[in-house]
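Participant: Make a model of the complete structure from these sequences and hints.
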Amino acid sequence: MKTKLFQFSGVWFLLFLLGGGLSVGNGLYARETPETAEDSLARVMEALGDDQCITCHVDLETLPEDFHVADVHLQPGLSCAGCHGGDPTVDDEELAKAPETGFIGVPKKQDIPGVCGRCHSDPEFMREYQPRIHTDQVDRYYTSVHGKRLREGDPKVATCTDCHTAHSILPASDSRSTVYALNVPFTCKKCHSDPEYMKEYGIRTDQFDKFAESVHGKALLEKQDTGAPACNDCHGNHGAVPPEVSSIRHVCGTCHVYNMQYFSATKMARAFQEEDLHACEECHGNHDIPKPTDNMVGVSDEAVCIDCHDEGEKGYQAAEKIHELLQELVAEYDSAEALKQEIERIGMDDIEIGYLLQDAKQALIHSRTLVHTFDPEKVAEKSQEGVKLARQAIELAKQEKHDYAVRRRGFAMATFFITLLAVALFFKIRMMESENARKNSTSKS
Numbered sequence: 001m002k003t004k005l006f007q008f009s010g011v012w013f014l015l016f017l018l019g020g021g022l023s024v025g026n027g028l029y030a031r032e033t034p035e036t037a038e039d040s041l042a043r044v045m046e047a048l049g050d051d052q053c054i055t056c057h058v059d060l061e062t063l064p065e066d067f068h069v070a071d072v073h074l075q076p077g078l079s080c081a082g083c084h085g086g087d088p089t090v091d092d093e094e095l096a097k098a099p100e101t102g103f104i105g106v107p108k109k110q111d112i113p114g115v116c117g118r119c120h121s122d123p124e125f126m127r128e129y130q131p132r133i134h135t136d137q138v139d140r141y142y143t144s145v146h147g148k149r150l151r152e153g154d155p156k157v158a159t160c161t162d163c164h165t166a167h168s169i170l171p172a173s174d175s176r177s178t179v180y181a182l183n184v185p186f187t188c189k190k191c192h193s194d195p196e197y198m199k200e201y202g203i204r205t206d207q208f209d210k211f212a213e214s215v216h217g218k219a220l221l222e223k224q225d226t227g228a229p230a231c232n233d234c235h236g237n238h239g240a241v242p243p244e245v246s247s248i249r250h251v252c253g254t255c256h257v258y259n260m261q262y263f264s265a266t267k268m269a270r271a272f273q274e275e276d277l278h279a280c281e282e283c284h285g286n287h288d289i290p291k292p293t294d295n296m297v298g299v300s301d302e303a304v305c306i307d308c309h310d311e312g313e314k315g316y317q318a319a320e321k322i323h324e325l326l327q328e329l330v331a332e333y334d335s336a337e338a339l340k341q342e343i344e345r346i347g348m349d350d351i352e353i354g355y356l357l358q359d360a361k362q363a364l365i366h367s368r369t370l371v372h373t374f375d376p377e378k379v380a381e382k383s384q385e386g387v388k389l390a391r392q393a394i395e396l397a398k399q400e401k402h403d404y405a406v407r408r409r410g411f412a413m414a415t416f417f418i419t420l421l422a423v424a425l426f427f428k429i430r431m432m433e434s435e436n437a438r439k440n441s442t443s444k445s
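Counting in my numbering, the sequence shown runs from 1 upward without gaps.
Rather than coming from a laboratory, the hints here were simulated on the basis of the structure. Here a beta-carbon is modelled for each residue, glycine too, at the ideal position from N, C-alpha and C. Among the hints, a few may not be true.
[Unchecked claim] With a straight-line cut-off of 27 Å between C-alpha atoms, the simulated DSS-like cross-links for lysine-lysine are: (1) Lys-291 <-> Lys-267; (2) Lys-210 <-> Lys-189; (3) Lys-223 <-> Lys-267; (4) Lys-199 <-> Lys-108; (5) Lys-267 <-> Lys-340; (6) Lys-340 <-> Lys-398; (7) Lys-382 <-> Lys-398; (8) Lys-388 <-> Lys-398; (9) Lys-388 <-> Lys-401; (10) Lys-378 <-> Lys-401; (11) Lys-314 <-> Lys-340; (12) Lys-291 <-> Lys-378; (13) Lys-148 <-> Lys-218; (14) Lys-439 <-> Lys-388; (15) Lys-199 <-> Lys-156; (16) Lys-109 <-> Lys-199; (17) Lys-148 <-> Lys-223; (18) Lys-210 <-> Lys-223; (19) Lys-398 <-> Lys-378; (20) Lys-314 <-> Lys-378.
[As the list claims (entries may be wrong)] For each label pair, taking beta carbons as the anchor points, the in silico distance ranges come out as: (21) His-366 <-> Ile-418: 52 to 62 Å; (22) Asp-206 <-> Ala-405: 52 to 62 Å; (23) Gln-75 <-> Arg-270: 48 to 58 Å; (24) Ala-172 <-> Ala-338: 37 to 47 Å; (25) Gln-261 <-> Lys-210: 24 to 34 Å; (26) Ser-247 <-> His-402: 51 to 61 Å; (27) Ile-351 <-> Val-145: 55 to 65 Å; (28) Ser-247 <-> Arg-127: 30 to 40 Å; (29) Met-413 <-> Ala-219: 50 to 60 Å; (30) Met-126 <-> Arg-270: 37 to 47 Å; (31) Lys-108 <-> Ile-133: 17 to 27 Å.
Facilitator: Next comes the structure, spelled out in structure tokens:
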């Protein structure tokens, strides 16, 4: 039997191994949660208890490379035996791994979802530890391409441990986790950006590079906006598509609600469905979605409308008109904004102008959303509202500039007369001084 002293030294060796924090993956973790050595020691001691699996592997220096004390399963006291089987209460290897203990060692690839599912598919068990976690992940996994191919015997597809790791699993809310929002693209990239690994599947491997340059990728990876979508937000976590989405082509609507609602009510949506076209993707792309501009709609070389509509067609004319309406509103708004900034510089009242411009900006945003109705009349109704607000702001700004000019002229005139008065007083005083000096000189003589 190991002595307590030996166990204690093993604990400190474990801490030495893990002192650098999580190192799995490709150096993608955003930050590490600060923790004192005392806190780590207390948690390790609590997790060890009589668990001879960890004690023995520490002594033999055979802990898994990705093992970490912060693992979400280790925290509440779930030990190695929970996944690998065996008897963690005895320190004899043969007895601990005897057949009657249920020891399975390293699970086979095709068995991993089932091993995880023993707990994660049990509502009663999960309710004790984390009741908010869904218990249908395994079922959903087998609806995905990964799950289907695993059942067909493909050993290269991703399973639970490929995405979550095996011994350093952290909550998705933890910035060190491989499934934290900022890290998900890097996790998917490990397989999907490897041409050699993906060669037999006949799919592209440039998704990450394209995503990184897209409007979503820049928001997520550069600005670290966790509200921006990562791979799993569009493709789903465990299943083939995200919850409540009937088709991957409609996944954009989970965030861009009004855009999808407007589009779905159009004749074009029905035409897209008949032609098996992919809704948003046809105009915006998928992984390399650029930041949309007003030039995307219209009949210029940058417009996507002309990819389908020829000159003279109703759709061509509608696109041209919608672009004109947007440009009119943008021009009026920009003019009003420039005047507002000028009013700010000269120190005049810009509060009411600001309110008007806020409403005009909202009208512009709404007008751009209404582009998805493909109806110039609906766009015009909202855009003209914005134009009216912008013009009101322009008139107010011009009035403020006029008032400023009047005040400057009044100030200039007042300054002129005050200066003239001061000069007159100066000469008057000099004359009085000269007169007094002359009188004094006469009286002395």
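Participant: Could you tell me which of the numbered hints above are not met by this structure, giving the numbers in increasing order?
Facilitator: As far as the earlier hints go, 3, 5, 10, 11, 13, 14, 17 and 19 are violated by this structure, in ascending order.
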